[in-house]
Amino acid sequence: MTQAPHVLGFQADRQTAQAWAFDRIGERYDEAFPHKDGQLSAVRRLLDLLPPRARILDAGCGTGSPTARQFADAGHSVVGIDISEEMLRLARRDVPEAEFLHRPIEELDASLGEFAAVVAFFSLLMLPRAEIPLALKNIHDLLEPGGHFVLGMVEADLDDTPIQFLGSPVRVSGYMRDELVALVAEAGFEVTELRHLTYAPASAELLPEVQLFLFCRRDGLR
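Everything in the sequence shown is counted per full-length UniProt numbering, starting at 1 for the first residue and increasing by one.
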């Protein structure tokens, strides 16, 4: 593992610092969030909407559990991206039938091809607010006409705020639900449903949080 960057002093660039933090966290992430009820439920709902053998992007795939695993078990073609090499190592180990790429979510482009669906569970919150609209637009542009997007975020009024997360320094952003819905709609999506739940992580280091799940659809036009 690389030496710790000086995150809060900005002596390392932001993306490198975030990747280092999640390399350090590794399997402890799934130990701290062992249930992921909202995420599991969101994927089950999406699976009901997809044709057989759909191509799906897991943007910010982490360890691949449970999301990439759910899609692969359902017979879909899964591409996962993440900035953490350690998270990608775990994902490749546990979901070998999927394809996992080292790529930041803010650098999505047409080289990845088109997808019937994109999911981004708690990955956009790792970006500054100034970068989130472009990330949403890029996700929109990767979807087939009529394609589906499911976004998971933590409800919080934060912008690039430094926190300690499982013993590692990271920077996070969030929105209150009405503001988040408006932001996603501005990126060109139809928001068809909003779900929320209060989640208590298994780790005593983390506080309970309100998780938001937005179910969205791209229009049928190219």
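Honestly, I wouldn't trust all of these hints.
[What the hints assert, rightly or not] Below, a list of computed lysine to any residue pairs in the SDA-like style, where the Cα atoms sit at most 20 Å apart:
#: 1; residue 1: Lys137; residue 2: Phe215
#: 2; residue 1: Lys137; residue 2: Phe165
#: 3; residue 1: Lys137; residue 2: Ala200
#: 4; residue 1: Lys36; residue 2: Asp219
#: 5; residue 1: Lys36; residue 2: Ala72
#: 6; residue 1: Lys36; residue 2: Thr198
#: 7; residue 1: Lys137; residue 2: Asp178
#: 8; residue 1: Lys36; residue 2: Glu179
#: 9; residue 1: Lys36; residue 2: Asp13
#: 10; residue 1: Lys36; residue 2: Glu114
#: 11; residue 1: Lys137; residue 2: Ser111
#: 12; residue 1: Lys36; residue 2: Ala187
#: 13; residue 1: Lys36; residue 2: Pro208
#: 14; residue 1: Lys36; residue 2: Thr16
#: 15; residue 1: Lys36; residue 2: Pro52
#: 16; residue 1: Lys137; residue 2: Thr192
#: 17; residue 1: Lys137; residue 2: Glu106
#: 18; residue 1: Lys137; residue 2: Phe213
#: 19; residue 1: Lys137; residue 2: His196
#: 20; residue 1: Lys137; residue 2: Asp73
#: 21; residue 1: Lys36; residue 2: Gln15
#: 22; residue 1: Lys137; residue 2: Glu107
#: 23; residue 1: Lys137; residue 2: Glu114
#: 24; residue 1: Lys36; residue 2: Pro162
#: 25; residue 1: Lys36; residue 2: Arg14
#: 26; residue 1: Lys36; residue 2: Leu197
#: 27; residue 1: Lys36; residue 2: Asp73
#: 28; residue 1: Lys137; residue 2: Pro66
#: 29; residue 1: Lys137; residue 2: Arg69
#: 30; residue 1: Lys36; residue 2: Arg129
#: 31; residue 1: Lys36; residue 2: Asp178
#: 32; residue 1: Lys36; residue 2: Pro51
#: 33; residue 1: Lys36; residue 2: Glu186
Simulated from the structure, these hints should not be mistaken for lab results.
Predicted, not measured: the structure shown is a model, and the values here were computed from it.
Structure-based check of each hint:
1. About 16 Å separates the Cα atoms of Lys137 and Phe215, which keeps this hinted pair within 20 Å; it holds.
2. Straight-line distance between C-alpha atoms of Lys137 and Phe165 comes to about 28 Å, which puts the hinted pair past the 20 Å bound.
3. Pair hint Lys137 plus Ala200 does not hold up; C-alpha atoms about 31 Å apart against a cutoff of 20 Å.
4. Pair hint Lys36 plus Asp219 does not hold up; C-alpha atoms about 29 Å apart against a cutoff of 20 Å.
5. Pair hint Lys36 plus Ala72 holds up; C-alpha atoms about 18 Å apart against a cutoff of 20 Å.
6. Straight-line distance between C-alpha atoms of Lys36 and Thr198 comes to about 11 Å, which keeps the hinted pair within the 20 Å bound.
7. Proximity of Lys137 to Asp178 is assessed by CA-CA distance (about 19 Å); at most 20 Å being required, the pair is judged to hold.
8. With a C-alpha separation of about 24 Å, the suggested pair Lys36 and Glu179 falls outside the 20 Å cut-off, and the hint is violated.
9. The hinted pair formed by Lys36 and Asp13 fails the criterion: a straight-line CA distance of about 30 Å is larger than 20 Å.
10. Our distance criterion of 20 Å between C-alpha atoms is broken by Lys36 and Glu114, whose separation comes to about 27 Å.
11. At most 20 Å may separate the alpha-carbon atoms for a hinted pair to count; Lys137 and Ser111 meet this at roughly 15 Å.
12. For a cut-off of 20 Å, the pair hint linking Lys36 to Ala187 is broken: about 27 Å separates their Cα positions.
13. For the hint pairing Lys36 with Pro208, the CA-to-CA distance comes to about 13 Å; that is within 20 Å, so the pair holds.
14. Distance check on the hinted pair: Lys36 and Thr16 sit about 27 Å apart at the alpha-carbon level, beyond 20 Å; violated.
15. For the suggested pair Lys36 and Pro52, the alpha carbons sit about 25 Å apart, so the restraint of at most 20 Å is broken.
16. Between Lys137 and Thr192, the direct Cα distance comes to roughly 17 Å. Compliance with the 20 Å bound is thereby established for this hinted pair.
17. With a CA separation close to 10 Å, the supplied pair Lys137 and Glu106 stays within the 20 Å bound.
18. Of the supplied pair hints, the one linking Lys137 and Phe213 holds, its CA atoms being roughly 18 Å apart against a limit of 20 Å.
19. The suggested pairing of Lys137 with His196 is violated, with an alpha-carbon distance near 23 Å, which exceeds 20 Å.
20. Restraint check: the Cα-Cα separation between Lys137 and Asp73 comes to about 29 Å, which exceeds 20 Å; the hinted pair is violated.
21. At most 20 Å may separate the alpha-carbon atoms for a hinted pair to count; Lys36 and Gln15 exceed this at roughly 25 Å.
22. Using a Cα cut-off of 20 Å, the hinted pair Lys137 and Glu107 holds, with the two alpha carbons roughly 11 Å apart.
23. For the suggested pair Lys137 and Glu114, the alpha carbons sit about 14 Å apart, so the restraint of at most 20 Å is met.
24. Restraint check for Lys36 and Pro162: not satisfied, since their Cα atoms lie roughly 24 Å apart, outside the 20 Å limit.
25. With a C-alpha separation of about 27 Å, the suggested pairing of Lys36 with Arg14 is violated against the 20 Å cut-off.
26. The straight-line distance between the Cα atoms of Lys36 and Leu197 is roughly 11 Å, inside the 20 Å bound, and the hint therefore holds.
27. Straight-line distance between C-alpha atoms of Lys36 and Asp73 comes to about 17 Å, which keeps the hinted pair within the 20 Å bound.
28. Restraint check for Lys137 and Pro66: not satisfied, since their Cα atoms lie roughly 26 Å apart, outside the 20 Å limit.
29. Taken as a hint, the Lys137 and Arg69 pair is broken in the structure, with Cα atoms around 26 Å apart against an allowance of 20 Å.
30. With a C-alpha separation of about 25 Å, the suggested pairing of Lys36 with Arg129 is violated against the 20 Å cut-off.
31. A C-alpha spacing of about 23 Å is found between Lys36 and Asp178, which places the hinted pair above 20 Å, so the restraint is violated.
32. Restraint check: the Cα-Cα separation between Lys36 and Pro51 comes to about 25 Å, which exceeds 20 Å; the hinted pair is violated.
33. For the hint linking Lys36 to Glu186, the alpha-carbon distance of about 28 Å lies beyond 20 Å, and the restraint is violated.
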